[in-house]
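There are 2 protein chains.
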Amino acid sequence: MPELRKDPVTGRWVIISTDRAKRPNDFVREKVEIRGSGFCPFCYNHESKTPPEIMAYRSDGSAPNTPGWSLRVVPNKFPALRVESSLYRQGEGLFDKMEGFGAHEVIIESPEHSKTMAMLSPRQIEDVLWAFHDRIFDLKKDRRFKYVLIFKNHGEAAGASLEHSHSQLIGLPIIPKRALEEVAGAKEYFEYKDRCIYCDIIQQETETGVRMIAENQAFVAIAPFAPRFPFEMWLLPKGHQSAYEQSLKHEYEQFALILKSMLMRLDHVLEQPAYNFVIHSSPLAEGSNDYYHWHMEIMPKLTKVAGFEWGTGFYINPTPPEEAAKFLREADVPASVVG
Amino acid sequence: MPELRKDPVTGRWVIISTDRAKRPNDFVREKVEIRGSGFCPFCYNHESKTPPEIMAYRSDGSAPNTPGWSLRVVPNKFPALRVESSLYRQGEGLFDKMEGFGAHEVIIESPEHSKTMAMLSPRQIEDVLWAFHDRIFDLKKDRRFKYVLIFKNHGEAAGASLEHSHSQLIGLPIIPKRALEEVAGAKEYFEYKDRCIYCDIIQQETETGVRMIAENQAFVAIAPFAPRFPFEMWLLPKGHQSAYEQSLKHEYEQFALILKSMLMRLDHVLEQPAYNFVIHSSPLAEGSNDYYHWHMEIMPKLTKVAGFEWGTGFYINPTPPEEAAKFLREADVPASVVG
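Quick note, the sequences are listed as chains P and Y, same order. To convert, count from 1 in the first sequence and add 1; that's our numbering. To convert, count from 1 in the second sequence and add 1; that's our numbering.
So here's chain P without its partners, still in its complex pose (with noise of 0.2 angstroms):
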């Protein structure tokens, strides 16, 4: 039988066929392969393709925009917005725009173009967390940024254009519309609860289990109970914390080694599929607070046609969470990923 589920933060619902349910199989995927074929501008060597880099992690003293870095931060050579740009705010009749502030920035995950992020060390998985941070906290000092979105497209089908590792960041002088939806579900709970709708669904979560994939020490992944997209996973600190660039440093060790294991998780149970991923945190002026909880939302691409959800903003889900969940708890993994 059909249901009907609502997600509790935003209050939107989602349908979960559980009759024509799918299976990992049933899903027609492109398989995700590093070609390697082609010119590119994220390999040693070519420093000079891209923009000037932002930063790099280099340990050998390497000069900027030469090799012998392990990480490093460009701006996107296509931006969507320009740091260049004023704030001027606009009206065109009933109508507002603001002129197209904003920072469009690549972080380049590792030099070895062969390699998938899942295919990294977590000691690179962490660099690239600390990337992230990093450069949240360098914007977060110009005043104008509200908002910074953190996300990696693996895969032509999630939008990757380049196939060499990497994830991306855009600063906005905006809050996006989805994040503002969820930090006032998350508020309006609190106010009736005095608690974090997050700390409460980890909670829940842990103790019923069906939906839980793995936990370590400070993280737990689970499949959400009204997902979007199936196989889709929630990566939160157990620990209520509102802002990603707030974690500590043993927090980011375990945050990459559950990280791993969750996209090591997603190659074996679906064939190495095209994913996004996507980081939810507090807005930048909000950094500090009890009633937001950040976390990673991955969602695979399965489905080669998402024509009906963007067309009506409603979703129907083939796989119920719990039925995810279970092929993602149980897919093989290393011991020494914990997670």
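Hints were generated in silico from the structure; no laboratory data involved. Hints are all accurate, no fakes.
Just so you know, same-sequence chains aren't split out, so a pair can sit in one copy or run between any two.
Keeping only pairs whose Cα atoms sit at most 25 angstroms apart, straight-line, the calculated DSS-like set for lysine-lysine is:
hint, residue 1, residue 2
1, Lys141, Lys7
2, Lys7, Lys188
3, Lys23, Lys78
4, Lys142, Lys178
5, Lys98, Lys147
6, Lys78, Lys147
7, Lys7, Lys327
Starting from the known structure of chain P, fit chain Y onto it as the hints suggest.
Structure of chain Y alone, referenced to chain P:
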């Protein structure tokens, strides 16, 4: 210079990247072509291959579920929701769910397998519009339905699994989030201004003309100010009308004409793209009100990858609506199709 633009109804900001503006030919499209190969359950003499019809237009007095019809409405063979379900609502700890009560119907728009909706006569399209009307009225009798979502997926890339031209209807016991948000935004504007925001938009777009695509006696077709997708189009009745099903006969005639004109323009400018359309209408219980204005949104599926958008909930549109409107306005359509 890129721009950030705000949708005045929902408050959603989008990035319009005027810098790297994309023209019709810049998109990698999959042209939608009717192949006609394989067995089609929507063709004459295959009536038994669909669930028994809910209604049909038959001018020849032919029996139900036999040939002779000009339009046929059948339950979806693989429904996302079922009318046989109860409305049983249940908590699961802090989560809310209900049984998958609802209707999922398919409107087979004509017996002709080889004709897309754009190729149907205005009269045939009018019949499709009447079928939407008739089905909404019928479902409305059952007070468990709160909202009826009417949409079309045209082409595989937009989610169509069968090529024979059809639309779909999902009757819901809840109001989808997207509809709630639009109604709330329109209400807020009405409380502030005592005017319908869509009526104001129509007036402003008619005066400035830059985003106007076409108009006839009863409808306007515009490119919205803050579109999520390249070449997105909105069709709105000129007179204030809150619910689709409350339109008058002459309005359906005029709507059929402008809809055909818009679909022909799309085919012309973008070379038969896949597209989705969705009718946005008031919730059933608020059928007649001063604040909401029904309309249709048409979204061609031009980018192969919508990954970024559904991942982040944040939209980047590479085609300014003013340019899209210009291309669509100047497209060659026969004078017989008013608008």
